[in-house]
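Residue numbers (numbering that gives the first Met the number 0): 0 to 252.
Heads up, some of the hints might be wrong.
As the list claims (entries may be wrong) - Here are the computed lysine-lysine pairs in the BS3-like style, where the Cα-Cα straight-line distance is at most 25 Å:
{"#": "1", "residue 1": "Lys-138", "residue 2": "Lys-118"}
{"#": "2", "residue 1": "Lys-213", "residue 2": "Lys-198"}
{"#": "3", "residue 1": "Lys-119", "residue 2": "Lys-200"}
{"#": "4", "residue 1": "Lys-74", "residue 2": "Lys-86"}
{"#": "5", "residue 1": "Lys-51", "residue 2": "Lys-70"}
{"#": "6", "residue 1": "Lys-119", "residue 2": "Lys-213"}
{"#": "7", "residue 1": "Lys-89", "residue 2": "Lys-115"}
{"#": "8", "residue 1": "Lys-146", "residue 2": "Lys-197"}
{"#": "9", "residue 1": "Lys-136", "residue 2": "Lys-146"}
Treat the hints as calculated values from the structure; they're not laboratory data.
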Amino acid sequence: MKISNTIAVLFLGGKSTRMGNLTAKKHKSLLNIGGYSILSHIYTQLRIFGIKEIIFCTGYKSNKIIDYSKKKILKDSNKILNIINKKNIKNTPNIFFSNLTEDNSTSQRIFGARKKIGKKNILVLYGDTLLNLSIKKYKTFLNKNMKLDIALTISNPIEKFGVVKLKDDKIISFSEKKSTKTRWVNSGWIFIKNEIIKKIKNIDLNFENTILTKTDKFNILGFKNKNYYMPIDNITDLHNANIDWKNNKKTWY
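Model the full assembly from the supplied sequences, consistent with the hints where possible.
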């Protein structure tokens, strides 16, 4: 599978109301972790990965994202590369914008970017999710599975709450915030072949519902990410990500 024929599609549309006042004037992807925006961290990961083109699918506060991307994202990314000792990375992906509203589905976002996608495969990422993807293993996985339609990166997160098991009304076990080995979740970095993109028909629904659920029709393989995974869903997640960065600057690199 040639990454050179792949364009990244980054979802940056949502309003992120669970972040409270932090997102009243800026998009969640522009909130800082270690002094650098979440967006700049993801952009840096894509630079390291070797992606040459990225489509920012924006909605809420799109003007803020566009302004930051044109003026500062590369400077911040270069600083991050310097911090993590990857100054040798010279790849600077071209950024394109597909602007819709905050209420559009993920299918509509892909559909809106279809002209720029053209005949390329896409790599879908979420603009609020950090994970330490093993780039070498991921590329090897794609190359070994040439007949796949979709490669879904999945992670095994720690439960955010204590989990109980019941027998009638009696609690027979309690597990406090640990990983469940049988629970794997979609964590972004979704590789989709170009011919599958054309099958996204009902654009009012998220493509996750119209495409990823059709396991009987498409060859969907899961790439298990056993490293760091942090979706920034709320203020606590943002705080924890900042602590993780402070403790180890290579947490998601």
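Quick rundown of the hints versus the structure:
Between the alpha carbons of Lys-138 and Lys-118 the distance comes to roughly 20 Å, so the proposed pair stays at or under 25 Å and holds. Of the supplied pair hints, the one linking Lys-213 and Lys-198 holds, its CA atoms being roughly 11 Å apart against a limit of 25 Å. For a cut-off of 25 Å, the pair hint linking Lys-119 to Lys-200 stands: about 18 Å separates their Cα positions. Our distance criterion of 25 Å between C-alpha atoms is met by Lys-74 and Lys-86, whose separation comes to about 12 Å.
For the suggested pair Lys-51 and Lys-70, the alpha carbons sit about 19 Å apart, so the restraint of at most 25 Å is met. A threshold of 25 Å between alpha carbons decides the hint, and for Lys-119 with Lys-213 the separation of about 22 Å falls inside it, so the pair holds. As the CA atoms of Lys-89 and Lys-115 are separated by approximately 23 Å, the hinted pair is consistent with the 25 Å bound. Restraint check for Lys-146 and Lys-197: the C-alpha separation of about 17 Å stays at or below 25 Å, so the hint holds.
Restraint check for Lys-136 and Lys-146: the C-alpha separation of about 17 Å stays at or below 25 Å, so the hint holds.
Hint compliance for this structure: no hint is broken.
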